[in-house]
Amino acid sequence: MSRLPFTCLCLLPLVVTASEDFGDSWGTAEREAAYYRLVHVPMPEGVYLESGSFVSLPDGRLAVGTRRGEILLFSGVGDEHPNPKVSTFASGFDEVFGLAWRDGAFYATQATEVTRITDTDGDGRADRYDTVSDAWGFGHYHEFAFGSKFDTAGNLYVALGLSESYHSKELFRGWALQITPDGKTLPLCSGLRSPLGVGPNEQGEMFYVESQGPWNGSCSLKHLRPGGFMGHPISFNWYPFATNMGATPMMPDSPSRLETERRRVKELVPYAVVFPYKKMGRSISGFEVCRAGGKFGPFDNQIFVGDYSLSVVMRVTTERINGVWQGACYPFREGLGTGILAVHFTPEGRLIAGGTNRGWPVRGMKDNLLQRLDWTGRTPFEILDIRAQSDGFVLRFTRPVEAALAARPESYVLQTYTHIYQEGYGSPEVDHTHPTVAAAEVAADRSSVRLRVKGLVQGHVHDFHLPDFKSQDGELLLHDRAYYTLNGIPE
Amino acid sequence: MKAALRTLCAAALAGLVHAQAPFIAGLEREDLGPFAGAVLVSELGCTSCHAGGQKAFLAKPGPDLSEVGARANGAHLRRFLASPSGVKPGTTMPDVLAHLPEAQREDVANALAHYLATLGQPGASGRPQPDAVERGRTLYHSVGCVACHSPEKTLSDSVPLGPLAEKYTVASLAAFLERPLDIWPGGRMPDCQLERAEATDLASYLLRDQAAPPTAFPPDPVLAVRGRALFAEHRCHACHRTGDQLAPPGLPAWSTLRAGEGCLSGRRGAWPQYPLTENQRASLGAVLSGDAAPWTAAEEAQLALTRLNCVACHQRNGAGGVASDRSEYFTGRDNNLGDQGRLPPTLTGVGAKLKARWLHEVIANGASARPYLHTRMPKFGSANARPLVAILKALDTPTPAVLTRVGESSRPHQAGRELVGHRGFNCIACHTFRERSAGAIQALDLMTMTERLEENWFHRYLEQPERFSPLTIMPGFWPDGKSPLTQVLVGDSGQQRDALWQYLAQGPDAAEPAGLALEPLVVTVRDEAVIIRRAFPGIGKRGIGVGYPGGINLSFDAEQMRLASIWTGGFVEASGIWRGQGAGQARPLGQDAALFPPGPAFAVLAQPEMAWPVPDPTPRPRPSSFKGYTLDDRRRPAFLYVVDGFAVEDFFIERTAAGPRRLERTLKFPGAPPAGLHFRVAAADSIEPRGANEFAVGRSLVVRLSEPGTVRGAGDAKELLLLVTGRELKLDYHFNAKP
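Taken in sequence, the protein lines are chains A and B. Numbering-wise (my numbering), the first sequence opens with residue 1 and increments by one. Numbering-wise (my numbering), the second sequence opens with residue 1 and increments by one.
Looking at chain A on its own, in the form it has when it is part of the complex:
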């Protein structure tokens, strides 16, 4: 206890500053619509859709894996005014939360297994379902399984939620598994809690999204470093079945800090990008990297991630510093109509978002809903990305900045905090600090600013607020906040 760098005896007192009205929306939906239009994709009569995963086929059709266990094929989803035709390719699965396509076959991750699905007689409907891997236990409905698309080497990844959210009663609950091209299933990481999506980051490394809860102070995007421990130790019991993973890691202390425990528990992988609770979602979900080649605006090669509870889409950028992944998350678009479980870029460079509204509280209350975000062609004034430097950060912007404002250190309200790493559920933000922006150097092309900061705190979320910041043509930022998780300070 006394080793912890905080002196607060009580867990409950929380000081909420007036500026943080995070119960409400970001308040930006109306302005966002000028840049990213929300398009309703009408559902044909007789189709009931609960999207769990998406993949585009080579012929341009969109395949949707659903919670009701179907693979539905949509034509015309990317049309300017969509009015899609839908056919059922396959059905009878148990909650499809991962859908990939390779060499004429679907690879669906359902709760029970990863299945290869093919249409051998060419009638447009699947007739062969081959189990690719079911090397995990499944004994409770809350043991969800999320699957990735293929990585460049042809591997698939499966992220397995805990039993009943809090236990690990069945084999490999709370683990991530790798399925190799030759069909072997290898334990990859332990310590998952409640994954809601798994896939590559912008550089092809595998990540998954985690929800706040025990050992997770807030939602986060985590790097699935092979052999790594993702933070929740209840699943340590399966190490004897994972000889490739080495010895069981030591037990982390609770309550503690991730930054403290990563020094003790060498397998513990720091959470790459932390999403502060409610400010940036509260059940972040499926994600995908934008490879739209400019068709979706200035955000190519960034990660887009949905949120189930708040029905929003956010952006993420990551970078590897001192061998560890970290990065920032940024608000992008709110006001979607259902709880988002998955997002996907169509070949036309449009972002499909879908999910469901049942079982858990959700802001977007509609069911049977598929929506699309289209870039209107206008570029919003946004923080494009934030990159860590040895003495601060570089902030890039989507449009040239107003140089005088950008050069003022006071234009950047910077605070840091972290979360309690503990067995209990979630955490308030703790250990707040207020670093000083010593200098703000605007690049000659006015597209970026180099911030020199005194008081960077390793292991903390660096919370940026730029309320008065303006573009060269006098426009305020569409979203004036961003959150950078500083796991390492570049040397």
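Be aware that a few hints might be false.
[Unchecked claim] Keeping only pairs whose Cα atoms sit at most 20 Å apart, straight-line, the calculated SDA-like set for lysine to any residue is: (1) K153/B <-> S256/A; (2) K184/A <-> S625/B; (3) K279/A <-> E466/B; (4) K153/B <-> D253/A; (5) K366/A <-> P475/B; (6) K668/B <-> G698/B; (7) K627/B <-> S256/A.
[Stated by the list, open to error] Short derived list, chain B residues pointing at chain A, Cβ under 10 Å: (8) F433; (9) E466; (10) F477; (11) G543; (12) G570; (13) A574; (14) G584; (15) R587; (16) R620; (17) P621; (18) G628; (19) Y629.
[What the hints assert, rightly or not] Per the computed footprint, the stretches of chain B lying under chain A, defined by three or more beta-carbons under 8 Å from a beta-carbon of chain A, are: (20) 425–432; (21) 529–539.
Derived by calculation from the structure, the hints in this document are not laboratory data. Where a beta carbon is used, it is the ideal one built from N, C-alpha and C, also for glycine.
Given chain A, put chain B in place with the hints provided.
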């Protein structure tokens, strides 16, 4: 940490002050500054002797001694009276005999103990039983005892328990724990609502090291008479009731007292000796010399919450709350609710939140709307509740909400019901409704809302739950004040909140909201087979249901590789798996369900009489594996699986043309079967041969085999086995029309 620091300071001052200063729970973990003195005045009982002062100085009554002889052992009382803080470090009981010469002190304590021993009859008691000790240990560490007292892993800033084993028997301690307010009417030891058996368990735990009950202490009548006189002489009755009517001690009134004199002088004299710390002495001195301005309502609230140590569990205005080193003992039964599901609620603004009557019920009688908390709200009794409720209600004035009343013509009850239901805000996804729940999360019952809450607060909370509890899992339903449900009451946020209130306020008359009982979702089968993978009765989660055209169905267990059931008629009702979180099973419709036994369907029996193997329930990689299925032109699956290295293709087809509906099953084996491989066709209470290779299984199922089967006993039941020798087996299942 602060407490540790205090202990350190106390240790440093050990030469100057008594090391065993009175321990005031509410002051231990929170620095109350100038209020500390006022708390001390009441907790040390100053105004019991020195009448007057503010009403906020009202003395904590000492324990009622009318029945003390039944409760506490006389030998313990004698030791305690001779040196209260020596025997029970931290006690607020002063040493009233300190000024007497040592020999006389012992003598007086002895006489007093004999007198007290005449007050009540000790009952019989047994030793603590090991199983009771264990149950008591669990209770002690979960119902809230350790909010004030030390858990087994010692924490220093805890209310000391004293030498319980020399004072109590299991029975007498249990009686005290069951009704502590009878003894301590001041509520400093509140009533944790223990059942008799729980009180005995807890007492057993607290006395777990007691080798034998304290030796009986028969009172000497002569000493007792003297003790009764000494009791009055030493003014014990100022704090303690015994049943004797005695005049209050005529000591200088509160207003005439001065710091540094008498009890506060630090010297020995004919006054009670309080082993105060310098800090405590200074705090008391400050109160005495302070101006006579009455306390503000906020200060009174703080004083009351500190005295009753509400702050050990509840936070209010950023102060108090569960200490981090005690947090692990605050647990709940629903992890999904986060900290709100295990920590007692905040008291910030509680006067504006709760109706007076409910607030009184909570404080006086321990009423609680949170059945998921393991920590119990204790009873403090009406006498303690009444002033506290009055203070809190007067102090916490609500910020007025904008209330929009929905008129009768707009049918508020119907609108409210719609909003609560699963197509509205789906409140029932997380809240129970008349103790029934629609999902996995079971937060406060909706029916308690209007009974407990001020209407104004209900509106304010719903507007923005985070404003009241930043980490709540309850979302705001009107982001930016706008309703996402624009069809209900024209989307007006205020009207929607009022409709919710009016609907819930109907109490027992409120009609059940939609979604509480899952709406049925029937999956129908037409001219193609339909597959649903999920939990089916009798199968773990790896079930595969197949509905065949013509009204015959099966479920297959893809974990154990076996046919699990067959039924005729409708296929399944899927609300259990496709509504809410999907926590249930697919429910087979129709009739005639025949269940097949769990466990493997194929096994090698080295000797034919060997018992059928039972699956190993320990989680591990499975010995058999499911390989998938192919579909024929009517989408009937042919299951492919491997059992202990032996591959099987398993295909069913419905036969519905004539006679009863039948399922024809073909099992194909690409490889040669190992020696002794058996297939278990069925297991049931009765299996009777009916003809050539035909068997009646249970009440109505008939199975015909392509080759001879063997019926054998299996415990009380029977098994039908086939020795697998060829590359194919055919079976035919149907239901006997007239069982």
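Checklist entry - Does the interface hint hold: is G570/B within less than 10 Å of chain A, judged Cβ to Cβ? => result Cβ of G570/B sits 17 Å from chain A, so the hint is violated.
Next on the checklist: Between the segment 425–432 of chain B and chain A, are there enough contacts, at least three residues with CB-CB distance under 8 Å, for the coverage claim to hold?
Outcome noted: holds (count 4)
Checklist entry - If you take the shortest Cβ to Cβ gap from P621/B to chain A, is it below 10 Å? => result 7 Å, holds
Checklist entry - Taken at face value, is the distance from the CA of D253/A to the CA of K153/B at most 20 Å? => result Between K153/B and D253/A the Cα gap is close to 17 Å, so the pair holds against 20 Å.
Item to check | Satisfaction of the E466/B interface hint, Cβ to chain A closer than 10 Å | outcome: With a closest approach of 3 Å, the E466/B hint holds.
Next on the checklist: Is the interface hint satisfied for F433/B? The criterion is a beta-carbon contact with chain A at less than 10 Å.
Outcome noted: 15 Å, violated
Item to check | G628/B as an interface hint toward chain A, with CB separation required under 10 Å | outcome: Cβ of G628/B sits 4 Å from chain A, so the hint holds.
Next on the checklist: So if I understand the rule, the pair passes when the alpha-carbon distance is 20 Å or less; does K153/B with S256/A pass?
Outcome noted: With Cα atoms ~19 Å apart, K153/B and S256/A stay inside 20 Å; holds.
Next on the checklist: So if I understand the rule, the pair passes when the alpha-carbon distance is 20 Å or less; does K627/B with S256/A pass?
Outcome noted: The given pair, whose Cα atoms are some 45 Å apart, is violated under the 20 Å limit.
Checklist entry - Under the criterion that the straight-line Cα-Cα distance not exceed 20 Å, is the pair K279/A, E466/B satisfied? => result Holds, because 11 Å separates the two Cα atoms, which is no more than 20 Å.
Next on the checklist: Does S625/B sit within 20 Å of K184/A, going by the straight-line distance between their CA atoms?
Outcome noted: 14 Å, holds
Checklist entry - If you take the shortest Cβ to Cβ gap from R620/B to chain A, is it below 10 Å? => result 7 Å, holds
When the structure is compared with the earlier hints, violations turn up for hints 6, 7, 8, 12, 15 and for no others.
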